[in-house]
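Here the protein sequences line up with chains X and H, keeping their order. Just so we're aligned, residue -18 is where the first sequence starts under the numbering used here, counting upward by one. Just so we're aligned, residue 104 is where the second sequence starts under the numbering used here, counting upward by one.
Hints listed in this document are in silico derivations from the structure and should not be mistaken for laboratory results. Treat the numbers as computed from the prediction; the structure is a model and nothing was measured. Each residue gets a CB set at the ideal place from its N, CA and C atoms; glycine is no exception. Don't take every hint at face value.
With the Cβ distance kept under 10 Å, some of the chain X side facing chain H (calculated, not the full set) [as the list claims (entries may be wrong)]:
{"id": "1", "residue": "K113"}
{"id": "2", "residue": "S213"}
{"id": "3", "residue": "P339"}
{"id": "4", "residue": "K395"}
{"id": "5", "residue": "V402"}
{"id": "6", "residue": "E437"}
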Amino acid sequence: MTPTQTTAAAIATNRFGLGARPGELPVVGADAAGWLLRQLRGAPPVLKGEGLKPSAETLAKVIELRKDVKARRQAKDDQEKVAAALKLPAVYRPVYIDEIHARFAHSVTTERPFLERLTQFWTNHFAVSVDKVAVLGLAGAMEREAIRPRVTGHFQDLLLAVEKHPAMLLYLDNPASIGPNSKAAHFVGKRGNGRKVGINENLAREILELHTLGVDGGYSQSDVSTFAQAISGWSIGGQDNGGRLAKLGVDNGTPGEFLFREVFHEPGAKKLLGKSYGDDGVRQGETILRDLALRRETARHISTKLARHFIADDPPKAVVERMTHAWLDSKAHLPTVYEALVESPEAWEQPLAKFKTPSDYIYSSYRALGIPLREKRRALQPFEALGQRNLMPGSPAGWPDTSADWDGSSALLKRIAWADVVAQRLGDTRNARDLAPQLLGATLTDDTAKAIARAESGAQALTLLMASPEFMRR
Amino acid sequence: MKMPLSRRAFLETSLFAGASTLMASRLAFANAPTEARFVFVLLRGALDGLSAVPPVGDPDYAGLRGQIALAKAGEGAALPLEGPFALHPALEFLHRSYAAKELTVLHAVASPYRERSHFDAQNVLESGDLRPHGSTSGWMNRALMAMPAGKSREAGVALGANVPLAMRGPAEVASWSPTKIAALDDATLARIADLYARDPLLSQRLADALESDAIASEAQAAAAVEAEGETPMMSNVVEQDAKEKRGYNARYVETARAAAGFLKRDDGPRVAMFDTTGWDTHANEGGAQGQLALRLRGLDAALGALKESLGPVWRSTVVLVATEFGRTAAINGTRGTDHGTGAAAFLLGGAVAGGRVLADWPGLARANLLDSRDLKPTRDLRTIMKGVLRDHLDVPTGALAPPPDRWTA
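Next comes chain H alone, as it looks inside the complex (with noise of 0.2 Å):
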């Protein structure tokens, strides 16, 4: 059920006053604690937050992103937000989202990592920690072992061959995509099995993997039929390499529907994870069309079969799509921008009460720029997580902190 005065008090709350409110939030959540969906999509290689949520009411914009700024107005102006506040024009789906208040907006975020190594940053994001290569187990992981269905086997599940490093902990992560297995037979799968029994990783490896190939299977039978004579939102095949624009954005929604197969069962997981690359724009990003926008169409189009195939649990869904940190200010010399700090990210789904902007804007003045090059983060990304975390999975946010103090409660 959509709850949106606990969900607009809770996100008023992180943003400007500490957690005292967050309670009245989580009692309203009580009510069916296991209905909670999340999706954590992490975009590796920095995302360029000034291009996919442009500040084009900044007075400094324009200037610092010359070729590549957004306009306000005309051919491939930015869709409109709040205050100074526009999105990409590729994010189509994002900004009706955004009309239909399933959308926050997050600007000026970042995980408490202060370096430029997209490495780094990402293990900091996804272990939770303060430093990089602290833990080697996961935020979501953790707050899997905190949540009633995470005691089960597979309360997660993350899209992909393997389990990214968010993911992973203690608790039983499953990790889906697509195999070919029609042709193994039952009695060769029985005897490997067999073959595994000594061997704990591998048997409950394959354990794991036979149980999320069923699920898959019945969710994709069941979306196929959905999905008949449907061409997902590609319309606009201009410009760009065709080939590889379908290749993105085909790659993506698939994985967004099989992440609703599993999340919409009532005993399948209730916490998915899965991610894209391709956002480190060094040079030649493009403003409203180009290599970035070609990118975020295929975000856009994904976060949009997402909520299709969720249905009606769309309404107890969150979605956080969050990088590892943002990119200069200013473009470099090749049309393009280098590794920065603070980022844009977005808090979506049926659950959220949205249609807003989060952002303590620091503007975009060369002196209240970082180090006289980035936007300067004015929000710790874990505030956001945590928020996710005790709110919407009812999980006590220490989860978040990483081993040896993690949580206890």
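Just chain X, with the same shape it has in the complex (with noise of 0.2 Å):
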């Protein structure tokens, strides 16, 4: 094998993979942009774990707690308050851990790691934050139901899959955005006693900045107004806040599914972006994403994300520009657009050029030493430590994905210490002299290997290996 392929191999299973796995480099071989498109055939393995359950199912039970935690709010003793904020968190944390655990072991074992990578890129495109509560048991589960099975189809799909899901819905408080002229408004106008009602535009304005066009896409707020207007009644099935609406005889859809509430959306035909969309019920709304997922911004801007994402933090033009039109002359067919990344010979010049994040840190670990899950709960601890959270970026724009928002001096050194304390743990059971080159192939530096031939034990070689400047890029 000639030194660049050996680059190469480096490269597929760090930079597009989540950290080479020892005997992934020889599996990889001479043809690496031909074994990471080799993952992407066939059907998006599903997660397998214990817990996991749809979130329908978890909603329709919370969506039952409610109505419990309502009446012991309105309580007079503080206790039976206490008590009512801590029901949703207890039904939602044990979620929230069983779906992290899956999620973890996976990235950890899977023999697809592109595809993985790709299908987390995905849910922090499309960010749900679990400092959200309401959405703390649910984050999860729309990456499997949402997002999983959609990685490696069109983005139209994967789009309306997702902002379709109760988790994002919840996520930009669409459930109860109601049309100033819609059934639910004039109700509530005659005999509300005052209450108001109207239309919340965060999943509009979040969709158009952050999920399709970009935030220089050329859409104006009355854009923003008239999108929120088209998705109004978008909704989730169960929620009846007092009963009202089945007083009014209206349907109530499955707890916890999608649900178009025809008696919130707000009526007439909208006109976006220059285009007019008749009055069509939940269909209005869709063809808008369906649009939006085929305009030129969008196109742009996300194949601009993901070559930031996998290549540099500035990424090369021509790639983004080859992305850009394989997404709009296969109308946003995935593969084809992961094909023209994968195929850029930039994305095989400058290895190391990206800084891990700690999530990318941790399971580059975890494959490299192949350390084993601990129990669950403990699952979190290391994302906890490193100062990434599971699914909790904190906002719908996801976590940041350039070096400068990861290697902060702090930062660095909690990477040091936890690397240090895995080491101790691990002690002499892992080889830190024969991993070195099975791990970073090409890109491991004289320095690195004498470092760590050099080292007074067996577990600090190990803590050589791990905060090797190579260790620490991908």
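Can you join these two chains into the complex? Each is in its own frame, and there are hints to help.
Dropping the structure here:
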């Protein structure tokens, strides 16, 4: 094998994958791009894990609980109030832990790491953050239900599945967004005793700004407002505040499932980005989303993000250009876009251009050293310790994706300290000197190899391997 | 030393006139330029200024705000300030600071950014640029470069694992957040430092991290002695999630104390920054109690802890608390508020001649709202930043401008 080929294998496993496992570089072989693209063939794997259940089941349970919480909140007794406040987290937290554990286990063992990295890219692109308790038990399920099965399909299908998922609807406050001329608004106007209902434009804005066109995508405040009206009524079944809707004889859907509430929907044709959309119920919003998916601004925005994620903080323009064309020519067929990325020569230059995120660092460490996963509750600890809590980016923009966002001095020290704890635990059970070339391939430097060889203990050698500049990057 | 007259002169100047009288206050501070401390607290997610600083005397306020309007009197009433203004009842420490003339409340302020994206707005506020993503360095970092102390290492510190954009740039800035490195032995660290010798970024980061950690552990040890037996401002445990509340308060209080630990040192950094999240209250924002109240209480406790921990250094400290933009004047359909424009901000500290509200109040009548929806901004937040830089830190105000036309003085 020529040196170039071994560099390519190291790039394939570390930059495009989740970090090499021992024995993986020879499997990649000479055709590194082929190894990546083969991972996209066939149905994406279904995540397995104890306790995983459909989001609708979790949400249906929570909808029931909310009634009880409401009753307790109205109580005079402080203890009752505290108990009420803790009820949702008590149901949601174990679900969240099950989800994270299954995802972590899969990331550490998968033989299709490129596919997994793409999956997690999309989860972050369509970020819902579990610091909002309402989505704590649903965020993992959103990835499994809406994202995983569609990562190798068309973007418009992925987009629709995500925007209709209860986790996204709840995260961006759409279920109770009510058109000012809807039937529900008229009803409340007549009998609501001064209660106000109206549009919440949060989801509409973030779809345009973050999920599709991008902030410079040429839309206006009026497009945001119009779009919010078009998706008013995109809601969740079973939620019926005080049974008001039932009294009206309105369909309350299946608890926890997407429900188009016609009575919330702002009626009428809408004009968005210069195009008219007829008064067509739920299809109005769906058609807008399908059109957004195929716009040049969307193609460019997401191609740039993908190229930045995989290649470099400041991605090569030529690559973004090729991906944008692939997107538009293929009508947003994602594997065609991924292929344009992987087939770009620029993708194989300058190894180690990206500073690993904490998650990258943790997954790659577990894969490199074959670290056994600990019991479920403790699966969260490394992510917490290194500053990237699972599915908790804190905003709908998701985690940031450049070196400067992650390479702070305190962040580096945390990584080193964590690596050392792991190394002490593993001690002599792993041989860093043998592992280093297997993991880093042609990117292993003489300095690191020497430092590892001269370490005073097996544990120290492992710490040095994990702390090395080439293991900090990908 | 507190300089009430010159401070007041500066603030009035930056409100009503140009830069002409700023010279006086610069002279006033020339005696001990290195004593000045500055803390920037960024509230990410867009604080609802109309709830934090409710204009309860504005005739349109109660109507626009409906269920989340704060009352002028009675249970949960807003805490009165001058004119039509009041403070949210959760901001007790800030209200005491106002009475002690250590708080200036700013209202209807905004950065030059006029769209409604959080992320671009934060980018503008942090870079000091006129448009988003125009600069990769932050205004605080450029200010550090212009300070005498900026030439030495670690003139600034970011409380967090990583450095936010406002503090990124050519000046060395430390970041600090609690790390358990007790088990890591010096010999291993020395070998890692050797291994980083040919990697400028990592070797710099590691050196900074170890220095910060040494400073912080000293400060923590001192704080532990001071704070023994004390329960930090958490008496009203009613409503909401008690556990969550403790989480917010404790985290930001700890961050504020750590910031104080750095700033207190004679040889430590003079400028610190930390950020807080959770201000994006689109739904069920709450009034005197509720989601926003919970977070405001956490912020208030953190600012109180900062003052307490800084001790005598508070006298030479200015804290700017700001957010990327305000929220809609009216509540939305889900008892919250959407992205707006004009915002509130706070200038706090022993070096602030406060006890006043600085607002060229546009009013909340529909005709006076921006795009018929947002509080109209009447002051550029950068005039406040410039004032702090020039009059407090003795930095040429050009530092705020982004490169390439950045300060040359």
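Run through the hints listed earlier and report the numbers of any the structure violates, in increasing order.
none
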